[in-house]
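Student: Spelled out from the first residue to the last, the chains are:
Number of protein chains: 2
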Amino acid sequence: MTKYVYTFGNGQAEGRAEMKNLLGGKGANLAEMNLIGVPVPPGFTITTDVCTEFTANGKKAAFALIEKEVQAAVAYIENITGTKFGSKENPCLVSVRSGARASMPGMMDTILNLGLNDLAVEGIALKSGNPRFAWDSYRRFVQMYGDVVLGMKPHSKTDIDPFEEIIEHMKEEVDIKEDTDFTVENLKTLVLRFKAAVLKVTGKDFPVDPWEQLWGAVAAVFESWMNDRAIYYRRLNNIPVEWGTAVNVQAMVFGNMGGNSATGVGFTRDASTGENMFIGEYLINAQGEDVVAGIRTPQQITKIGSMRWAELQNVTEEERSSKFPSLEETMPTAYNQLMEIQEKLEGHYKDMQDIEFTIQDGKLWLLQTRNGKRTGAAMLKIAVDLLSEGKIDEKTAMLRVEPNKLDELLHPVFDVNALKTAMLIGKGLPASPGAATGQIVFFADEAKNYENSILVRIETSPEDLEGMNIARGILTARGGMTSHAAVVARGMGKCCVSGAGALRINYKTRTMEASGKVYNEGDWISLNGSTGEVFDGKVKTQEATISEDFAKVMELADKYTRMSVRTNADTPNDAVKARQFGAKGIGLCRTEHMFFEGARIKAMREMILASSIEGRKAALAKLLPYQRADFEGIFEAMAGYGVTVRLLDPPLHEFVPHELAMQKELADEMGLTLDQIKSKISDLEEFNPMLGHRGCRLGITYPEITEMQARAIIEAALNLKAKGVDARPEIMVPLVGTVSELKNQTDVIHATIQTVFAERNAKIDYLVGTMIEVPRAALTAETIAKEADFFSFGTNDLTQMTMGFSRDDAGKFLPDYLDRGILKNDPFQILDQQGVGLLVEMAAIKGRSTKPGLKIGICGEHGGEPSSVEFCDKVGLDYVSCSPFRVPIARLAAAQANVKKNG
Amino acid sequence: MTKYVYTFGNGQAEGRAEMKNLLGGKGANLAEMNLIGVPVPPGFTITTDVCTEFTANGKKAAFALIEKEVQAAVAYIENITGTKFGSKENPCLVSVRSGARASMPGMMDTILNLGLNDLAVEGIALKSGNPRFAWDSYRRFVQMYGDVVLGMKPHSKTDIDPFEEIIEHMKEEVDIKEDTDFTVENLKTLVLRFKAAVLKVTGKDFPVDPWEQLWGAVAAVFESWMNDRAIYYRRLNNIPVEWGTAVNVQAMVFGNMGGNSATGVGFTRDASTGENMFIGEYLINAQGEDVVAGIRTPQQITKIGSMRWAELQNVTEEERSSKFPSLEETMPTAYNQLMEIQEKLEGHYKDMQDIEFTIQDGKLWLLQTRNGKRTGAAMLKIAVDLLSEGKIDEKTAMLRVEPNKLDELLHPVFDVNALKTAMLIGKGLPASPGAATGQIVFFADEAKNYENSILVRIETSPEDLEGMNIARGILTARGGMTSHAAVVARGMGKCCVSGAGALRINYKTRTMEASGKVYNEGDWISLNGSTGEVFDGKVKTQEATISEDFAKVMELADKYTRMSVRTNADTPNDAVKARQFGAKGIGLCRTEHMFFEGARIKAMREMILASSIEGRKAALAKLLPYQRADFEGIFEAMAGYGVTVRLLDPPLHEFVPHELAMQKELADEMGLTLDQIKSKISDLEEFNPMLGHRGCRLGITYPEITEMQARAIIEAALNLKAKGVDARPEIMVPLVGTVSELKNQTDVIHATIQTVFAERNAKIDYLVGTMIEVPRAALTAETIAKEADFFSFGTNDLTQMTMGFSRDDAGKFLPDYLDRGILKNDPFQILDQQGVGLLVEMAAIKGRSTKPGLKIGICGEHGGEPSSVEFCDKVGLDYVSCSPFRVPIARLAAAQANVKKNG
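Residue numbers (the numbering used here), protein chains in the order written: chain A, 1 to 903; chain B, 1 to 903.
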């Protein structure tokens, strides 16, 4: 016969930690604590199987299964505690809590003091010698039960809770301000009135039978598994409905039974710094919720903690020891026991624990233990410390660090206290992490006029590059996570908030309107690129600091990884930075950014607007030396590693001037009329530039561009080789959809390179490959591979085309999609594994079916996102490439993926 | 031992018709004619295997294989003809021709009179009694051999042919105008000078040994297999290099040996009308090329043909019978023999034959037979006639009609004679077939001012619909084969040329500049929508006529098809027209076109610009009755068949006014300021509208739109049901990429419909399905299918996203891609089977893996293109849907696909 109810208590338990699927996280840990000798109030867990039965076949069927077992389990509690359900003398009171495999918001949480009724309350009053405590517990129970189990909780925040209404009336009647001022008589009246309200609303009397109370609470937990919020949360987090929730029923213990009782919470190590030191707070004569409610000031558990606290709060030692003594001082026995237990728990779970405890009449009870949440810095330190303490091995230590948390360590953050008073004036997308504070400028070339500037634009364009580099942060009103501003900012490691649509930016008046306030050039604002928040005025920031623990974890990552990590870098500076972060090569060097400075952009525009091939070639000849010099710098910075250079990709329209004055200037320079210039520029306009004349389509129409770029790359590499530098050029053809396109371009590239080799009488190894970013390329990868030395997935564009989302326009519906759970994640941030990922996997398999050793990587934004990196490892890619500041994250994610897969 | 040379002659042959792969088309037919007793000059064929050997291992290796066989085969010819290679008395002269499996431009064509030298020429002169004939043949041979085999042919048209130069000098010397005026002595001098030129250019004497001549010619044929033009042609047509070409060597016969010799060509039936009547032309004392060269007027072969010709040419019977008598009259014996043979050939090949013959000294020789090219009308008539004559069966008759040729029968065409003098002034894409002539208007609402107008626009928009309907034809400067103008015109069956980029259209001055000439409103132009040509002035057109043969072939198609054919139709008119063409249902009814007339567009704009859900609902309530009425008309026209209605798809931007005046009007109507209207319109602008806020994304953001449309559809269907009309609504959700999107919309649709059912207390069957047009939908079709009653492939958008081609912008590079052979076809016209087709196939398989009986169709433009229809049949789709005028083509293509696959 299947067992549906698992008891625990008195150092014994029918369950254990490994039974999370059956008992839920909380139930499994309660059992486990018993087994390792931690004092836990006795109780039992109803399994998740019962929830499944409840959902499928209803309450009657489910309860028939467990009726006898529950009765026996209650008797088990009564036995251990020497109490009796519904007894006047010694009533048995329990708590009822839900507990799924994973913590799940939306579920019914807790019913305390179940078992109380008009008889039992007298028993408690007598037993505790504290009638006020007994009656306050009773009125709280009726209210909680009424709200949660009997469905009297208001559905929206504007509706009135009938119980709260009664309390407010009562306060007026007796003319008091605080709940705590109610007398025992007042509380008794409240209970009566509460019960009357229950009868009025539900048409039934409040249940006085503890058994009826218990079954009602259990049913409420199971019903909450199917409520809208829980369903929504499960859909978002891909949790199957079949998992179900368990129910935990446990004997009550009270921290508010007088001066010898207390309640508290603690972390076995400092959750903020990771320091190996117990940190916790407690309150004497209090319930668990009082510690976090903020009405009374909680006290520190350890004496040293208490003294540190006093120093920070400017509290004298005298005041401290009298008003805020530590548990170590007030209840040394319980304290010592707690220290023993916390050590035991950490040793047992081999991780920092977050614990809850209650001391009732001097006896310590543990109510919960779980792995504690922590900051990025603490995560690193704890993992490395546990490793050096010999508690965990290298792989485990590495797996303990969430890659995304490293971001906190690599960028400035706001000072936590400064944030408390900061005024939020807008919200956009968290486009590039970090915190920045500065004075507003609306035009890139004015960023240099301020020591700390924030560049505020409707959107940015490649012309703004220099100003973006100078500004402390970038704020745009339009554009998504992969807009120009976002991509460039991440590359620079600079804070950026993009797509803050509610801002009204007016370039003419040089004003920005946000939350009803008008900001002018020079006004201070602050940005949090990790959250997308925009604040009024200056907010204090803290600089990033990289610890030794960081280096240790990176070392472990490199030891256990299969994939290597490259960077996306367009300049020698970026390349140097990325190398410091551990990048082994460049996966994407975009050449278009190189065309925007001074004389280059002029030559570029001449090339674009030339009406003959001769005109184009003359302009390209001017660009060649610049490109060659750029490549020399980059190859040198990445000496010894491959550098993948993508040939010109964006539509030419992006390079021509759109302001009248610049068009006039250009017309004069080129000896054309303004109308001619305008007409040529208008010829370049496209309905859907994303799907237009760009990528290899440019190189096919104008092979002379490809020739110039191939020449610049190879001449640069040969120049360096002559100086003894190990340059490893890899030329990448963008936006290929058919093998004929690639063949056309590789023919041009190889022919050009052979010419250069002949001219120089020197050779160098090089590769020619392609981006896989058009769905058709992935679908026909077995033929594309014939002409390619390598594949690199451009998952930004691949996502755009596979999902039909323009990243620049998705802002109109993507937030809505995320809110409604139609998409779980922004697919431009986290790779869509079912759709886009399927193409990636197909292309890798098909490509290698033609060329078994084909080198394959990814250079889209996803290359620095941990779950996407894990996917890349799974489908066998050779490397991922990401912006310099994401390199450590990618290194760690790659190693974790490999260890998770292969152990 | 492999046989490399196959002889034929005297009613015997080593090859036969089925050996086309080995002997090429020409060689196989020459053998076959021998076998069925048709007189053919003896000869032999060197197999395609030798070409492969030649290409792989060179001339020496290849010739070593065949030397002995060729010697024997030449002896075979000598034997039959009683001649001898190089003999003075009785020289053996041969022709050498290439002959691949499929006719292939770019290959070496023909060398005639090979075997002539200074001795042989004397023999021919003696034997023919015609020294002028002998020497003229000799000088032609030297010239042809020099050009083709010895490589003296000029490489470009501007270079001078050394032989032509010598001829020109000679004409000046002897002061004559025509080649035919050369004396025998002149011809002898020419031969000497030709040989001297050969020595000078090649450094070698002209080969006098017939064997050397023969091997040279054979090598030249094989070499031509690898020349640039042949390689280019093969790449375009997907012909593998391994196929190779055969070489045909055949004894010469001469139609120019005097009054008892002649040469001619003929068709066994009228290639223009299909009438069962031999049609052919001949010339006495002439060579084959003279018949087509146009120097002499060819005469008709049959007497009745000759008399008809005379009537048309206003030639009196006296003049006819003296100057242009028929072969029937001049050489009755040969004529009768020819009639017997043509009947035999048609009976043998069971198809209309295109034959070439020569009569030498009264003896008839057939030189070639092949299936004759014919017009669409002739193709139909011949197929139906051959069927009723019992020569072919139904399936064969049906397979004989090329579906695309039906287009000629469904649209007006230009009068062939009128075209001869028409002045071409521009060229665009053949966007919608047919011919049209009319007066230019630049604005849609002015089309009605002329009886025959041509609407000339840079591009069209939905606002132009009414004017497009009135105009005879549509010409646009921008946009591809699936631009708005093209799609709408095809739907209307109206002639359209799109993307004529060289036109300069100026709306302000109401002028169009083309080929340097300025056209004003009211000027006449003519369009050929089947070729993309634009002509100056009026060009006479002929109306379309549909024959009984057409109906017969359609009947056969329906008998043998598996897939059904639906139509894309947005109005009751289109639906009626399509039903006449045999459509069984509507595969795509676009609702957006319904929003553009009068009061509708106003309500639509109110809806779009409303700032609250209430405002939108109020506007939608105004639209509901219009939509319902539209659907009633369409359902009624398609009673008994399914009608797939696609919910609103285009970005809302397309519906708002872009001219200032209309914006002002709208502002007044809506009680808003102009700035507010402008700001709202500018908020709707997108960078890449194709990938933006459209399709189901609109319905998700504004569920009230979906509700209104679902209501209108179901109310219309219920209204008709009440009248006894069998309405079968199928609601289609566009642009779905994830199952959650579809689920969101099907929930709204089902809920709305249940409400309508309850209101009306009536029900009707309906389906809810989705378009598969986003690559991700195809990739995840197994989950999408869970929420869909049917799939319909929107291959226009699927092509755009899979290939990354914006159809509106592809004009910038697609022509170039086609010219260079990077793409074989415009993927918007002919489905890209490797890429887009793979997604279609995957989606069909995945969709049916979830729902085995899932109904699947295609509603993109490809649904009316024969090779794409064949693909749809192959991957198991249930139906194709296309514009009304393509329905017959699709029906035939679908049936042919089924018969080809299953026999």
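It is possible that part of the hints are untrue.
You can't tell identical chains apart in this list, so a pair holds if it fits in one copy or across any two.
Said to hold, decoys possible - Straight-line Cα separation of at most 20 Å, DMTMM-like style, residue types lysine to aspartate or glutamate; simulated pairs:
| no. | residue 1 | residue 2 |
| --- | --- | --- |
| 1 | 59 | 463 |
| 2 | 427 | 683 |
| 3 | 350 | 18 |
| 4 | 195 | 223 |
| 5 | 373 | 275 |
| 6 | 678 | 513 |
| 7 | 84 | 281 |
| 8 | 680 | 459 |
| 9 | 538 | 451 |
| 10 | 743 | 415 |
| 11 | 584 | 789 |
| 12 | 427 | 122 |
| 13 | 373 | 597 |
| 14 | 395 | 669 |
| 15 | 812 | 683 |
| 16 | 846 | 606 |
| 17 | 84 | 161 |
| 18 | 508 | 675 |
| 19 | 559 | 636 |
| 20 | 68 | 459 |
| 21 | 723 | 592 |
| 22 | 812 | 704 |
| 23 | 303 | 356 |
| 24 | 874 | 654 |
If you are wondering where the hints come from, they were derived from the structure by calculation, not from laboratory data.
Student: Under a CA distance limit of 20 Å, which applies to residue 68 and residue 459: within one copy, between copies, both, or neither?
Tutor: This pair counts as neither: shortest intra-copy Cα distance 67 Å, inter-copy 79 Å.
Student: Have a look at residue 680 and residue 459 and pick one of within, between, both or neither, based on CA distance no larger than 20 Å.
Tutor: Between copies only: 18 Å across, 24 Å inside.
Student: For residue 584 and residue 789, with the copy left unspecified, which applies at a CA distance of at most 20 Å: within, between, both, or neither?
Tutor: within (19 Å within a copy, 51 Å between copies)
Student: Pop the pair residue 508 and residue 675 into one bin, within, between, both or neither, using alpha-carbon distances up to 20 Å.
Tutor: between (25 Å within a copy, 16 Å between copies)
Student: If the cut is 20 Å between Cα atoms, do residue 84 and residue 161 qualify within a copy, between copies, both or neither?
Tutor: neither (33 Å within a copy, 119 Å between copies)
Student: Can you give me the call for residue 427 and residue 122, within, between, both or neither, at a CA distance of at most 20 Å?
Tutor: neither (54 Å within a copy, 100 Å between copies)
Student: As a check of your reading, is residue 373 near residue 275 (CA-CA no more than 20 Å) within one copy, between copies, both or neither?
Tutor: within (14 Å within a copy, 90 Å between copies)
Student: Go through the copies and call it for residue 59 and residue 463: within, between, both or neither, with a Cα cutoff of 20 Å.
Tutor: neither (66 Å within a copy, 61 Å between copies)
Student: Which holds for residue 195 with residue 223 at a C-alpha limit of 20 Å: within a copy, between copies, both or neither?
Tutor: Intra 23 Å, inter 105 Å, cutoff 20 Å: neither.
Student: At most 20 Å between alpha carbons: which applies to residue 303 and residue 356, within, between, both or neither?
Tutor: within (19 Å within a copy, 114 Å between copies)
Student: Within a copy, between copies, both or neither: which one fits residue 373 and residue 597 at a CA-CA cutoff of 20 Å?
Tutor: Answer is neither; intra-copy 47 Å and inter-copy 62 Å both fail.
Student: With identical chains, the pair residue 559 and residue 636 could be close in the same copy or across copies; at 20 Å between alpha carbons, which is it: within, between, both, or neither?
Tutor: For residue 559 and residue 636, neither the intra-copy (26 Å) nor the inter-copy (72 Å) Cα distance is at most 20 Å.
Checked against the numbered hints above, the structure breaks hints 1, 4, 7, 10, 12, 13, 14, 16, 17, 19, 20, 21 and 24 and satisfies the rest.
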